[in-house]
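Heads up: the sequence lines are chains B and L, in that order. One rule links them: number in the working numbering = place in the first sequence (from 1) + 1025. One rule links them: number in the working numbering = place in the second sequence (from 1) + 40.
In case anyone wonders, no lab produced these hints; they're calculated from the structure. Some hints here could point you the wrong way.
Claimed, not checked - Lysine to aspartate or glutamate pairs mimicking DMTMM-like chemistry, simulated, CA-CA at most 20 Å apart:
#1 B:Lys1188 - L:Glu281
#2 B:Lys1188 - L:Glu56
#3 L:Lys134 - L:Glu229
#4 L:Lys134 - B:Glu1387
#5 L:Lys134 - L:Glu56
Said to hold, decoys possible - Here are the in silico distance ranges between beta carbons for each label pair:
#6 L:Ala190 - B:Ala1320: 37 to 47 Å
#7 B:Val1077 - L:Ala190: 51 to 61 Å
#8 L:Glu70 - B:Thr1291: 56 to 66 Å
The C-beta atom is built at its ideal place from N, Cα and C for all residues, glycine as well.
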Amino acid sequence: MTTPAVQRAVDAAFREEWGRVLATLIRRTGDWDLAEECAQEAFADALRRWTVDGVPERPGAWLTTVAGNRAVDRLRRARRGAELLEQVGRDPTGAPHATMDVHKIDTDEDGGIEDDRLRLIFTCCHPALPLEGRVALTLRSLAGLSTAEIARAFLVPEATMAKRLTRAKAKIAGARIPYRVPPPHTLPERTGGVLAVLYLLFNEGYSASAGEQLIRAPLCLEAIRLARLVAVLMPDEPEASGLLALMLLHHSRRHARLDEMGDIVTLEEQDRMRWDVDEINEARALLRASLRRRAPGPYQVQAAIAACHAEAPNVAATDWSQIAALYELLLQLTPSPVVSLNRAVAVAMAEDVEAGLALVDELAQQGTLTDYHLLEATRADLHRRRGERTAAIAAYHRALAAARTEPERRFILRRLAEQQDRR
Amino acid sequence: MNYLLFICSEGEPAPEAMAVMQRECPGWVEEMAGRGVRLLGRELELPETATTVRVRAGETLVTDGPFAETKEFMAGFDLLECADLDEAIEVAAKHPASWFHTIEIRPFMDGLRLGEEASAFAREDDSAGTPYLLIMWMGGTPATPLDDEAVTQEGEAWRQDVEARGLHVLGNALEGTDTATTVRVRDGETLLSDGPFIETKEFIAGIDVVSCADRQQAIALAAAHPIARYHAIEVRPFHSE
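Next comes chain L alone, as it looks inside the complex (with noise of 0.2 Å):
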């Protein structure tokens, strides 16, 4: 089963953790691709290289930082192939970042969806074109009346038509929010919650990393996302050495 490690921040870390989250990251790296658990990640830029995209009455609009206006905020992320829940939960406690932060569990709905430029998105290797991770916000009160079978389709068809442009890196739907563990370790010790990290009345429904020119086409592609009608969608920058 495929799974997400959403690593989530609470804040700036110290120089401290983030000496030692840098020291450790890459033993973490190669254990776990090494048993065939990892697939890749990528650490994120910060939240306020973030935008947000709706589009009401057929007009796109843009607005500048994250889609939640919390201190937490998601810091990167990786992508794991697992046996169940159980290993999931043991790779996340031995990744550095749940030493200092929280990682949040989510299952994807359907499996992973990993494109052709997923290997050299992996590597950083991001000459082809600069990657933007797209965060699908679903929950609270949709902008018009939703029909649930109608996103799920328009969803695909746009997954397809932006894999038949050679734009989709990875990503696909993530199972409900009901289904998100959190993983913490404290003085050597794992701290479990069920439910997801930032407890709001949105949820985060599905990811996408598109590979694009500039911003201004992740904008587009994410304007043409269902969700940006009901909902909204936050583009995210990756960090890049």
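So that you can see chain B by itself, here it is in the shape it has in the complex (with noise of 0.2 Å):
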């Protein structure tokens, strides 16, 4: 019987080794579901074998090789052919030896798993593959979510979501997209690549609605989980750290960014007691240390903004210029209107109200913002700093008719209500 102390290592085996396993068999097999099922195989036999015979030192170890065996069992039994018998045989040095064991395995951890894992990634991530197709695969491959709890995480059918996982496997094999880390020319465009993914992975997470939040939350722990191991298999790529600290800054705030309401509490309004001390701390190290690379990104910036937040006792003794100067450099970085709105609100905190209304204005009639409700929203917002009571209502009018979803309505509705209860 399988006691309770062993289902916690093989969950604990599973949470840490699922990737690696089958970022190996991969490599190995070149067959992507072979290789899930050998990997799904040696879960099972772990919690069988672990009962008798105790958890193992290396599990991961253990796992690798036994899912290898398996992996050699179906190709002899389905006499898939002596070629790939050999490429489940070869050690990553290329040489062919006849039998895995747990030396072969052993010497093969130290070296070539942990590119295993990059080289899934990579993958996972192509370029080639649509956009849903990559965000699936990596949670399946990487996290080891199951394909019901994907579907549930993207509120699809089950059956939407297989097909989904099993169009991007089908396109790996037949356009063949390589397994590998790209080379260097083509490097730092496809970590940009991993990264976004990475980090549509939290959002869809972090911007769930209240209602949703049970169920997509955990979205934002797995993105958390695979940029730390892309920050720790790229040492030498400081925005995958800055990613991650960008991640970490966001999270620190979950628990005071939603009201009871489920609404947005503005940074603002925010009670920055209930921020998660310990992830901030951790995002600030990180930070620390990839901006010592000096090669800043958009990641790394927007980190840095973040942790300047997260830095502040509040509102007032935030350092608004030090904000402002970085939301210059990444306008430079990513050129965008939203970036340059976020700049002008920092402007006015830092300045005075009327550079950060000029800018606003400057925006406005650029016109590319005109159906976003923010840009009348924080019109608006400084109007009301200024003490310019109607033109703070007529904006705050203007962005709830630009305005969305219902708590985009209620926040501006909220903010009209003080305004017009100062009568």
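Given two chains presented individually in distinct reference frames, assemble the corresponding complex, making use of the accompanying hints.
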């Protein structure tokens, strides 16, 4: 009978080792489905055998060996030819050996397996795959989520998600998407692609509505876990650490950012005592280390902005001129009207409201944000700060017309009511 | 692995774009042939010159114009031998056509078959016969119930027959459109998307180039292919100087 201790050990090994076991098996067999089935069987075996033999010292090595043997057995049974068998038996240096044993796996773990997980994530996030397929495959292969779990998190039927995963795997095999870390000339671009998938994953969880929080919020934790893995595997890529820091800083505010109604509480109004200090400290350490590499990128800069907020005891004591300067830098790295708007807010807070308003007016004249409720909401807010009630109310009304979701409308209505109460 | 690059045009390119492509293409061809990744490629005549062939109830039906009535059309193709999709993407992104048009990358299912005529065809030496591209369109509702296995077998028999008659220049079946990737380069940035360029329920299942005495013979060859009975085959002449 399986004891709770063994069950816990297998569960822990699954969290820690699934991606590693699968990544190695895919490299050796070149067959995603076979690799997945054998990895699953190895975990089932673990439950039985660890009950009898005890939990091995290195569960990952044990699982990789058992899964590898399973693959060899299956290939032999299926008589799929000497060629594939040879591939399975080959170690990462390319030298074939007849059987895989624990010793071979051990040497492997010191060298190849870390790379295998990187290979896996770059393949899952390949830009020739549809974006939704990239996200699903990353969660399935690296995070070990089941198809049903991923389907729930993305609010689609399980059959739809299964099809998405099958299609992505079929394209990898049919179009021959290579299983590797990209060569240097494409590495920066492709790394950006991997980080974008992880950030999208995080935002899917983070921006979930109140009703969806319970099922979607775990996506944030998965995204953080995967970003942590990529940051460890790519120590020379400061943007990977930057992304991890950014996610942690956002995540640190999770208990303060929604009210009882499930509405967004602005940074200004959040109860900062409810911010997660451990996550903030970890993020700040990561950010300090990555900024020392002097290769700023959009994630590091956004994390630095979030860190400015995290370090301030309240809105008034925030280093707004630093934030304005960081937005200026972000604008150079990734020009966008939304970044311009945020910069305008920071300028208004740092110097004077007049300068901020001028920037907002300038943006409004460019016309790219006309349908964006936050443009008018920002303008209204700045008028409010200057005590220009009529102008503020007019702008809130325009913001209300542009708002698309109920929480957005409720937020603007609340502000509007505050202005009208002052009558 | 063999890949087909379809050069997909959204309409007649501007004269400046034409000039750039004409100037830059020879360099691309030289570089890619030197690396051994580009096997050959040709430019097609405009789609108005296309003929679409269907066989219904034993009768060959010929209509003027391309199969897909879209403003997008295929302007030519290149055939590659690459290690993997990444290399095919890199080669496609360096193709001057990707700066103005879209290039669709499609892997061949069982490799590309090149006949003896292929090298003359590649040199645009059409003295032995006029080359025609046969585009195999499938998908949508077949004219009669479709037996995939039978189509594959008959298609193979057709190819062997055309090869035996010395008329087959090159071609083969393509992997499904699920494996397609389109490449565009804009402002120096390579933009990829999943799926074929023309997203309709019909899709291109394979291509063959045949060498014929005239258009009538090309139409007759197309009509003999099983896909003409279930769906349609587009016959396209090539551009020559």
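Tested hints:
1. B:Lys1188 - L:Glu281: violated (48 Å)
2. B:Lys1188 - L:Glu56: Roughly 44 Å between the alpha carbons, so the hint for Lys1188 (chain B) and Glu56 (chain L) is violated.
3. L:Lys134 - L:Glu229: holds (11 Å)
4. L:Lys134 - B:Glu1387: violated (39 Å)
5. L:Lys134 - L:Glu56: Given pair Lys134 (chain L), Glu56 (chain L) holds - Cα atoms ~18 Å apart, limit 20 Å.
6. L:Ala190 - B:Ala1320: 37 to 47 Å: violated (59 Å)
7. B:Val1077 - L:Ala190: 51 to 61 Å: The hinted range 51 to 61 Å holds for Val1077 (chain B) and Ala190 (chain L), with Cβ atoms some 54 Å apart.
8. L:Glu70 - B:Thr1291: 56 to 66 Å: Because 60 Å falls inside the window, the suggested range holds.
The structure fails to meet hints 1, 2, 4 and 6 from the earlier list, while all remaining hints are met.
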